[in-house]
Amino acid sequence: NAGVTQTPKFQVLKTGQSMTLQCAQDMNHEYMSWYRQDPGMGLRLIHYSVGAGITDQGEVPNGYNVSRSTTEDFPLRLLSAAPSQTSVYFCASSPDRTGRSIQYFGAGTRLSVL
Amino acid sequence: SQQGEEDPQALSIQEGENATMNCSYKTSINNLQWYRQNSGRGLVHLILIRSNEREKHSGRLRVTLDTSKKSSSLLITASRAADTASYFCATGPNSGGYQKVTFGTGTKLQVIP
Numbered sequence: 001n002a003g004v005t006q007t008p009k010f011q012v013l014k015t016g017q018s019m020t021l022q023c024a025q026d027m028n029h030e031y032m033s034w035y036r037q038d039p040g041m042g043l044r045l046i047h048y049s050v051g052a053g054i055t056d057q058g059e060v061p062n063g064y065n066v067s068r069s070t071t072e073d074f075p076l077r078l079l080s081a082a083p084s085q086t087s088v089y090f091c092a093s094s095p096d097r098t099g100r101s102i103q104y105f106g107a108g109t110r111l112s113v114l
Numbered sequence: 001s002q003q004g005e006e007d008p009q010a011l012s013i014q015e016g017e018n019a020t021m022n023c024s025y026k027t028s029i030n031n032l033q034w035y036r037q038n039s040g041r042g043l044v045h046l047i048l049i050r051s052n053e054r055e056k057h058s059g060r061l062r063v064t065l066d067t068s069k070k071s072s073s074l075l076i077t078a079s080r081a082a083d084t085a086s087y088f089c090a091t092g093p094n095s096g097g098y099q100k101v102t103f104g105t106g107t108k109l110q111v112i113p
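Chains A and B, in that order, give the protein sequences. Our numbering numbers the first residue of the first sequence as 1 and each following residue consecutively. Our numbering numbers the first residue of the second sequence as 1 and each following residue consecutively.
Isolated chain A (complex conformation) (with noise of 0.2 Å):
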């Protein structure tokens, strides 16, 4: 039982490249979100999906796109990097569809836009 993965770990880009983050969890949850930490910011919630085939949009959903197409997997993609989106980008899911239990954390992505 592997909890939440994300992949990769770390990433670099170029201003206006593309790129998925990939995250996966092995818990069967139907609530999976995703967000994005910088200094002095806390986390702030970029989307978040109660499960397969139904996304919504969190605090900051500009730059970003989200899919769910299997319960397992929630994939975050930034269609045209820019310098304002390097961050720390953490998946989540919970057990609770409503999102109002416990959430558990990947790792995370260290993502630098350049």
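Treat the hints as calculated values from the structure; they're not laboratory data. We put the CB at the ideal spot given by N, CA and C, even for glycine. Keep in mind that a hint or two might mislead.
With the C-beta cut set under 7 Å, the calculated list includes, among others, these residues of chain A facing chain B [stated by the list, open to error]: (1) P39; (2) L43; (3) L45; (4) G51; (5) G53; (6) G58; (7) F90; (8) I102; (9) F105; (10) G108.
Chain A is already provided as a structure; the job is to place chain B on it using the hints.
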């Protein structure tokens, strides 16, 4: 905007002392959770307190919730060097349906051996 705001932003104590950190929030909640983050790691859930509870214990952790003041506190008793980490509160609006769980800015705790 952040739903939860922790204070202090940073706290430094000696091993064996108690550490108290506070969280204030803005809207009605279903529950409030506390998480710990060690440097360079993901967040780990510590404790969840429901809106109809006033106090909850888990080992050396004690959490209180005052919904009238929209505030919560986390007390770590007999602190250890291993408690050095950042601590975050997390809340979700009590508006039914799906929740957008939001996190505060965190309290950075340093426990000096």
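Evaluation of the provided hints:
no.	hint	in the structure
1	P39	violated (10 Å)
2	L43	holds (4 Å)
3	L45	holds (6 Å)
4	G51	violated (10 Å)
5	G53	violated (14 Å)
6	G58	holds (6 Å)
7	F90	holds (6 Å)
8	I102	holds (5 Å)
9	F105	holds (4 Å)
10	G108	holds (5 Å)
Checked against the numbered hints given earlier, this structure breaks hints 1, 4, 5; the rest are met.
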